[in-house]
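Asks: Same order as they appear, the protein sequences are chains C and B.
According to numbering that gives the first Met the number 0, the first sequence is numbered sequentially starting from 0.
According to numbering that gives the first Met the number 0, the second sequence is numbered sequentially starting from 0.
Don't take each hint at face value.
[Stated by the list, open to error] In silico PhoX-like links for lysine-lysine, alpha-carbon gap of 20 Å or less: (1) K438(C) with K475(C); (2) K214(B) with K475(C); (3) K56(B) with K46(B); (4) K438(C) with K67(B); (5) K344(C) with K360(C); (6) K124(C) with K243(C).
What the hints contain is simulated information worked out from the structure, not anything from laboratory work.
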Amino acid sequence: MADRPFWQSMRALALLAAAALGGLLLLMLIIAYFADLTIVDDASRGAVDFENRSISIVIEQEPPQMDSTRATDAVSGMLLGHLMEGLLRYDGEGNLQPGVAESWTVTPEGAVFKLRENARWSDGKPVTAHDFVFSWRKVLEPETASQYSFILYPIKNAEAINLGAMPSEMLAVTAEDDLTLSVAFEQPLAFFDRLVAFTSYYPIREDFYLSRDGRYGADAEDLLFNGAFVMTKWVHGAEITMQKNPYYWNKDSIWLERIEVPFITPDSNTQLNLFKDGKVAMVQLSPDTLKNALQNRWPIRRFAEGTVFFIEFNHRPERLTRNLNLRKALYYATDTAELVYRVIKLPGFLPGASLFPTWIKGEHDFLRREYPVGAHPVNVELAREHLEKARRELGLDEFPPLVLLVGDTPTSLKQAEYFQNTFKRHLGLDIRIDAQIFKQRLEKMTLGQFDLVAAGWAPDFDDPLTYGDLFASWNKNNRGFFRSEALDAQVRIAQGSLDQAMRMRAFGEIQRILLDEVAIIPNYERGRVFVADPRLEGLIRRTIGPDPDYSRARIRER
Amino acid sequence: MWRYTFKRLIQGIVTVWFIATATFFVMHFVPGDPLSDARATSEQIRKNLEARYGLDKPLAEQYYIYLKNIASGDLGISFTQQNREVNDIIREHFPVSAALGVLAVVFAALGGILWGALTALFRNRMPDIVIMFFVVLGVSVPSFVFAALGQLSLVTLNDWLGTSILPVAGWGSVQHLLVPSLVLGLGTMAFLTRLMRSSMLEVTGADYVRTARAKGLNATQIFIRHQLRNAILPVVTVLGPAIATITTGGFVVEIVFAIPGLGRFFVQSVQQLDYTVIMGTTVFYGGFLVFMVIAVDLVYGLIDPRVRVR
Numbered sequence: 000m001a002d003r004p005f006w007q008s009m010r011a012l013a014l015l016a017a018a019a020l021g022g023l024l025l026l027m028l029i030i031a032y033f034a035d036l037t038i039v040d041d042a043s044r045g046a047v048d049f050e051n052r053s054i055s056i057v058i059e060q061e062p063p064q065m066d067s068t069r070a071t072d073a074v075s076g077m078l079l080g081h082l083m084e085g086l087l088r089y090d091g092e093g094n095l096q097p098g099v100a101e102s103w104t105v106t107p108e109g110a111v112f113k114l115r116e117n118a119r120w121s122d123g124k125p126v127t128a129h130d131f132v133f134s135w136r137k138v139l140e141p142e143t144a145s146q147y148s149f150i151l152y153p154i155k156n157a158e159a160i161n162l163g164a165m166p167s168e169m170l171a172v173t174a175e176d177d178l179t180l181s182v183a184f185e186q187p188l189a190f191f192d193r194l195v196a197f198t199s200y201y202p203i204r205e206d207f208y209l210s211r212d213g214r215y216g217a218d219a220e221d222l223l224f225n226g227a228f229v230m231t232k233w234v235h236g237a238e239i240t241m242q243k244n245p246y247y248w249n250k251d252s253i254w255l256e257r258i259e260v261p262f263i264t265p266d267s268n269t270q271l272n273l274f275k276d277g278k279v280a281m282v283q284l285s286p287d288t289l290k291n292a293l294q295n296r297w298p299i300r301r302f303a304e305g306t307v308f309f310i311e312f313n314h315r316p317e318r319l320t321r322n323l324n325l326r327k328a329l330y331y332a333t334d335t336a337e338l339v340y341r342v343i344k345l346p347g348f349l350p351g352a353s354l355f356p357t358w359i360k361g362e363h364d365f366l367r368r369e370y371p372v373g374a375h376p377v378n379v380e381l382a383r384e385h386l387e388k389a390r391r392e393l394g395l396d397e398f399p400p401l402v403l404l405v406g407d408t409p410t411s412l413k414q415a416e417y418f419q420n421t422f423k424r425h426l427g428l429d430i431r432i433d434a435q436i437f438k439q440r441l442e443k444m445t446l447g448q449f450d451l452v453a454a455g456w457a458p459d460f461d462d463p464l465t466y467g468d469l470f471a472s473w474n475k476n477n478r479g480f481f482r483s484e485a486l487d488a489q490v491r492i493a494q495g496s497l498d499q500a501m502r503m504r505a506f507g508e509i510q511r512i513l514l515d516e517v518a519i520i521p522n523y524e525r526g527r528v529f530v531a532d533p534r535l536e537g538l539i540r541r542t543i544g545p546d547p548d549y550s551r552a553r554i555r556e557r
Numbered sequence: 000m001w002r003y004t005f006k007r008l009i010q011g012i013v014t015v016w017f018i019a020t021a022t023f024f025v026m027h028f029v030p031g032d033p034l035s036d037a038r039a040t041s042e043q044i045r046k047n048l049e050a051r052y053g054l055d056k057p058l059a060e061q062y063y064i065y066l067k068n069i070a071s072g073d074l075g076i077s078f079t080q081q082n083r084e085v086n087d088i089i090r091e092h093f094p095v096s097a098a099l100g101v102l103a104v105v106f107a108a109l110g111g112i113l114w115g116a117l118t119a120l121f122r123n124r125m126p127d128i129v130i131m132f133f134v135v136l137g138v139s140v141p142s143f144v145f146a147a148l149g150q151l152s153l154v155t156l157n158d159w160l161g162t163s164i165l166p167v168a169g170w171g172s173v174q175h176l177l178v179p180s181l182v183l184g185l186g187t188m189a190f191l192t193r194l195m196r197s198s199m200l201e202v203t204g205a206d207y208v209r210t211a212r213a214k215g216l217n218a219t220q221i222f223i224r225h226q227l228r229n230a231i232l233p234v235v236t237v238l239g240p241a242i243a244t245i246t247t248g249g250f251v252v253e254i255v256f257a258i259p260g261l262g263r264f265f266v267q268s269v270q271q272l273d274y275t276v277i278m279g280t281t282v283f284y285g286g287f288l289v290f291m292v293i294a295v296d297l298v299y300g301l302i303d304p305r306v307r308v309r
């Protein structure tokens, strides 16, 4: 068929192809014009840039809420931690350092903070005590509907204001003068200083907030900063630029001039590819990308991220899991070391043994050293004995399948399969796995549609109480309805006492009650593994507060 | 023609209304609570939130308000990004998806037509066999595999050359557009190639081609005017739905290449049960798809006089 018509057709086709290619180029230029794209990519922008004192990073999602009174998620918290500063802040070792407050005194009845004179907003005006009064009232006003308002409840009248029973002017926080902020407590309190570093306690200046007409936090120009950096650019879903704040009182301690966030994606493979391509300074590793990182022989770094995971039981009357012997049987059959080292197999994870994580501080040392629990006991024989007792107590011939409610992440599914397998093998119990997306899992927990649920708890502040009151009978997060008067009494001591030794003893008791009653089966403490550019120094990873924290980072000269 | 257009438009509006209604009710009957968060809130805060989003009203009233707002072009405020309007989200992110989608469709259409014509010319010879092998591959491999592969080859290439010739991910320049849109258009390109090949072959043996040849027209003219133009018709038919699916279905590519398109927000909103964003984007996408199909039907008449409706 290689005749003349064929070649003429071929030539026509080639001409068409050439025309198509030209048209395509033109189209790209047109698209670039309309979509506001540059023609040439600025490829010089690397992970770290010593000359310009700049780094580039990737975040996993668009920050959903940059209004500090309403922010609840980790990404918003991380960015706000670079942009804002509270009265106090945590340093790299997790110790409290002065922030906007230069000195403070905390008594059982209240606290007085002396603000430093040179603290400035990013427009040059001074940060005053009024800015704290305004934002704290805002957090508590019912219209704000802040999900973290409870963290301000230690302040006198806070809860009443939040419930709409009092106007927000009644909040017992007063600006004595521009630089003196005094706070009265609802009841004697031992750890208020550890709360004021939290996101919800950041200041907001009233005139600026009002001038934004309900858009505060929606865009870069709808925010005012008093932290180490200012946000100069925010293209939603695409990129964020933070620059050193020239008005920050402690600017001499900040080496970096710029933090660029040119990439926003939850895809861990993409993140690793960006790291490999030298575009970002740090990436978190997932089970998938860990292998890849190991093959590249990059030094893997790890840290205990702080969240504790456990199996929570449904203690509602109609549920079998209300039976203590059944819970004990499941508890003794579980091997958390096997779960962590054999099933999850991620570095940085620790086998769980208590509701309280290993890193949380007690009176002088870590709480878990002052009140040790030992390793999780595994005893299949004992487990079978308890199961037999439970069977007789419940008057059953055979156990119906138990429902295990879990999240839909790969790690949760592995965890669920471990329990399904273990309980079947050791106890002959059938487990039905019910995997749900986060909000549906929460709803099912709230409605009590489960026998067992894989739950987790991340800390909010640096006191064991952030975990300690979780299973109090009045706590709304106690969705399994665990009830223990002895535990409630200990929680009241931990909340109200000013004697640290007594409080820690109470936490020790809470820990013991939860394990004796098998309110939960501890699973693991989550760890994080990551790789970072070797020239990046001073990167802070922390369990409480903004993480990761680049504000004190610097770059090594080659 | 005008009556036909009018009729199609009315049909389109009814379809969109149906989509909106179905989404609304499915949304409210699906288990899960959009206002829940890791930290349980008091009843009072819950009530405040419900009042803000109008969830405290009876379902019928919510539905009425929802339809009224859609009719006036107000899609409400996002549940997760509490100070952003859904209108803003669509306005900022749809153009990104559209830019990506338009380029992908053009890639797919041009590629499909050219490859299809080429394989028809070389029917059952080596080039045809090789191209058709890749076509089968392209039709059957899902886009997330292409996306991952595309990105991996970029990283490897950059690593190998020691310099970044094309960005691995991100947004902001024309270079960021190239690989993602190619990846996005690949499946459609393969599909169109197959379609174009068979319709080309059908046309080659047609009477009017023989007549044209007999009348002594040269091969180039016959090829372009009589073969290509007639063979292209079925391709145009599927192009309408293809434009819609490519523009709306890019979320995998958007996530892998860190592109701030609307598809990402659509998928995220479902995971986070963000009612307003789910409903807003679904209605928007639904409307877009319906009117794309209508537009193609109307354009069809321009290409083929026989189907022109009076």
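Asks: Are there hints from earlier that the structure breaks, and if so, what are their numbers?
Replies: Numbers 2, 4, 5 - these are the hints that the structure violates, sorted from lowest upward.
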